[in-house]
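**Q** Residue-level listing of the chains:
Protein chains: 2
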Amino acid sequence: MKSLKISEAVVRRLPIYLRFLNELNMRNVQTVSSQDLGQKLELNPAQIRKDLAYFGEFGKKGIGYDVVYLIEKIRQILKLDQHINVALVGAGNLGRALSNYNAYLRDNMKIVAVFDAVPDKIGARINNLAVQPMSELIETIHRLKVRIGIITVPAGEAQNVADEFVKAGVEAILNFAPVIIKVPNEVRVHHADFTTELQSLAYYLD
Amino acid sequence: MKSLKISEAVVRRLPIYLRFLNELNMRNVQTVSSQDLGQKLELNPAQIRKDLAYFGEFGKKGIGYDVVYLIEKIRQILKLDQHINVALVGAGNLGRALSNYNAYLRDNMKIVAVFDAVPDKIGARINNLAVQPMSELIETIHRLKVRIGIITVPAGEAQNVADEFVKAGVEAILNFAPVIIKVPNEVRVHHADFTTELQSLAYYLD
DNA sequence: TAGATTGTTAATCGATTAACAATC
DNA sequence: TAGATTGTTAATCGATTAACAATC
Numbered sequence: 001m002k003s004l005k006i007s008e009a010v011v012r013r014l015p016i017y018l019r020f021l022n023e024l025n026m027r028n029v030q031t032v033s034s035q036d037l038g039q040k041l042e043l044n045p046a047q048i049r050k051d052l053a054y055f056g057e058f059g060k061k062g063i064g065y066d067v068v069y070l071i072e073k074i075r076q077i078l079k080l081d082q083h084i085n086v087a088l089v090g091a092g093n094l095g096r097a098l099s100n101y102n103a104y105l106r107d108n109m110k111i112v113a114v115f116d117a118v119p120d121k122i123g124a125r126i127n128n129l130a131v132q133p134m135s136e137l138i139e140t141i142h143r144l145k146v147r148i149g150i151i152t153v154p155a156g157e158a159q160n161v162a163d164e165f166v167k168a169g170v171e172a173i174l175n176f177a178p179v180i181i182k183v184p185n186e187v188r189v190h191h192a193d194f195t196t197e198l199q200s201l202a203y204y205l206d
Numbered sequence: 001m002k003s004l005k006i007s008e009a010v011v012r013r014l015p016i017y018l019r020f021l022n023e024l025n026m027r028n029v030q031t032v033s034s035q036d037l038g039q040k041l042e043l044n045p046a047q048i049r050k051d052l053a054y055f056g057e058f059g060k061k062g063i064g065y066d067v068v069y070l071i072e073k074i075r076q077i078l079k080l081d082q083h084i085n086v087a088l089v090g091a092g093n094l095g096r097a098l099s100n101y102n103a104y105l106r107d108n109m110k111i112v113a114v115f116d117a118v119p120d121k122i123g124a125r126i127n128n129l130a131v132q133p134m135s136e137l138i139e140t141i142h143r144l145k146v147r148i149g150i151i152t153v154p155a156g157e158a159q160n161v162a163d164e165f166v167k168a169g170v171e172a173i174l175n176f177a178p179v180i181i182k183v184p185n186e187v188r189v190h191h192a193d194f195t196t197e198l199q200s201l202a203y204y205l206d
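These protein sequence lines map, in sequence, to chains A and B.
Counting along the first sequence from 1, when you hit position 145 you're at 145 in UniProt numbering, and nothing is skipped either side.
Counting along the second sequence from 1, when you hit position 88 you're at 88 in UniProt numbering, and nothing is skipped either side.
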């Protein structure tokens, strides 16, 4: 049953569930129903139950889901119960902004290295990390066991950076550059491009 | 036929087509087929033809699509042929990063005002704009005819900012805060949350 | 017990893809 | 003309939602 292929849509909702569950937990809420979750997250309760049921039977009939237990389970599913080291290339404003989110990610995922190709930026401190030159990327990624790479360089350099990440053995890449990057099948890429986001938003203006 | 409901998936692909078409145009490519586009963008050619066909007959059988003409058409569809003013609340690193993308957006969408609730930040210059206090938000948005609002404040403040935007009559909101904000039906919200993006990426690690 | 809510099956809905006549 | 490629219909695939027996 673990081998069942889970759709990307399901995986994308899990972090959203998790975030709200954490909020409930901080408010000392013990239990939550798919009804409650659906209302708050604007999702269909049946969908939430089905999403969770792909991974196990986490709820109790007549009661709902234990908040603490469900948090634990979703964290396991998303592999957030282990430390995951992340490296970032592109020490601009965006790179800086992302680095500062470290605190939010609660020590599970952590940006442990920052690189940039521009000589002027080498050595600058970003969130307690010294910006390193690209020449140190592969060695550093091996040494720190970095598994995820974040790209925050201009579009023209994104593919090169992706290639370096792949060479270094990174397993997944989050690309903020407004360009589609090509990587081998075994590397997972997500695109987080706010320009396309803004442009599609414009469509909905009157 | 213009009244046909276009799915969100289609609208999200249009900016991606546009971006690549602009690239082709800069390389002086005259014509492109759905085949070419599909290969480069990793999409099914039939899907691309169908997406475009929702809005008109933009191609020529046996030839493909005229790059310049298709750019023009997609820009019209996305309303990028008109000036759209954007306001941003949250003058942190992320807000600063987004403001700097103005150049990229080529004068169509333009961030014309930046606000922050923190007194220390008022008056600071971000990309030639003085950060304004929240008390000036509604007046400024009216005066500058701002139609889109961007939220780059911490999660706890995002809903308040959204409420202010709605009061000011903004038509659409792009929310970067890791929380789901509620707005009236007539206001469109897109969520661009990189923490959930990173967390779902973790799922695909081995 | 009665009420609530899960897990899951079946029904529905919507999106993607294949196929091909039309035609440049 | 022959080859290429569109626009579009039909087929397929997948995701969402409704419904409900099981059960806390």
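What the hints contain is simulated information worked out from the structure, not anything from laboratory work.
Just so it is clear, the structure is predicted and the values come from calculations on it, not from any experiment.
Where is the CB? At the ideal position from N, CA and C, for every residue including glycine.
Watch out, some of these pointers could steer you wrong.
Stated by the list, open to error - Once the Cα atoms are required to be at most 30 Å apart in a straight line, the calculated BS3-like pairs of lysine-lysine come out as:
1. B:Lys167 / A:Lys5
2. A:Lys73 / B:Lys40
3. B:Lys50 / A:Lys40
4. A:Lys121 / A:Lys79
5. B:Lys40 / A:Lys167
6. B:Lys121 / A:Lys182
7. A:Lys40 / B:Lys5
8. A:Lys50 / B:Lys182
9. A:Lys182 / A:Lys167
10. B:Lys40 / A:Lys5
11. B:Lys167 / A:Lys110
12. A:Lys50 / B:Lys121
13. A:Lys40 / B:Lys73
14. A:Lys121 / B:Lys73
15. B:Lys110 / A:Lys121
Unchecked claim - Between beta-carbon pairs, the in silico distance windows are:
16. A:Tyr54 / B:Lys50: 46 to 54 Å
17. B:Phe58 / A:Glu23: 40 to 48 Å
18. A:Gly56 / B:Gly123: 49 to 57 Å
19. B:Lys182 / A:Ala168: 39 to 47 Å
20. B:Asn128 / A:Gln35: 30 to 38 Å
21. B:Asn185 / A:Glu23: 42 to 50 Å
22. A:Glu42 / B:Asn160: 42 to 50 Å
23. B:Gly123 / A:Gly62: 16 to 24 Å
24. A:Lys182 / B:Lys50: 43 to 51 Å
25. A:Glu23 / B:Thr31: 49 to 57 Å
26. B:Gln39 / A:Ala9: 39 to 47 Å
**Q** Given a hinted range of 49 to 57 Å, is it respected by the beta-carbon distance of Gly56 (chain A) and Gly123 (chain B)?
**A** Once the Cβ atoms are compared, 54 Å apart, the range 49 to 57 Å for Gly123 (chain B) and Gly56 (chain A) holds.
**Q** Has the given pair, Lys121 (chain A) with Lys79 (chain A), been kept, meaning a C-alpha gap of at most 30 Å?
**A** 33 Å, violated
**Q** Are the Cα atoms of Lys50 (chain A) and Lys121 (chain B) separated by 30 Å or less?
**A** 46 Å, violated
**Q** Note whether the CB distance of Glu23 (chain A) and Thr31 (chain B) lies within 49 to 57 Å or breaks it.
**A** 52 Å, holds
**Q** Determine whether the Cβ-Cβ distance between Gln39 (chain B) and Ala9 (chain A) falls within the hinted range of 39 to 47 Å.
**A** About 25 Å separates the Cβ atoms of Gln39 (chain B) and Ala9 (chain A), which means 39 to 47 Å is violated.
**Q** Would the hint linking Lys50 (chain B) and Lys40 (chain A) be met if the CA-CA limit is 30 Å?
**A** Cα-Cα ~35 Å, so violated.
**Q** Would you mind confirming whether the straight-line C-alpha gap from Lys167 (chain B) to Lys110 (chain A) stays at or under 30 Å?
**A** 38 Å, violated
**Q** Please test the hint of 42 to 50 Å on the beta carbon pair from Glu42 (chain A) and Asn160 (chain B).
**A** Once the Cβ atoms are compared, 19 Å apart, the range 42 to 50 Å for Asn160 (chain B) and Glu42 (chain A) is violated.
**Q** Between Lys73 (chain A) and Lys40 (chain B), does the CA-CA distance stay at or below 30 Å?
**A** The hint is violated at about 38 Å.
**Q** Does Lys110 (chain B) pair with Lys121 (chain A) here, judged by a C-alpha cut-off of 30 Å?
**A** 28 Å, holds
**Q** Given a hinted range of 43 to 51 Å, is it respected by the beta-carbon distance of Lys182 (chain A) and Lys50 (chain B)?
**A** 24 Å, violated
**Q** Verify the CB-CB distance for Asn185 (chain B) and Glu23 (chain A) against the hinted window 42 to 50 Å.
**A** Once the Cβ atoms are compared, 24 Å apart, the range 42 to 50 Å for Glu23 (chain A) and Asn185 (chain B) is violated.
When held up to the earlier numbered hints, the structure conflicts with 1, 2, 3, 4, 6, 11, 12, 13, 14, 16, 20, 21, 22, 23, 24, 26 and fits the remainder.
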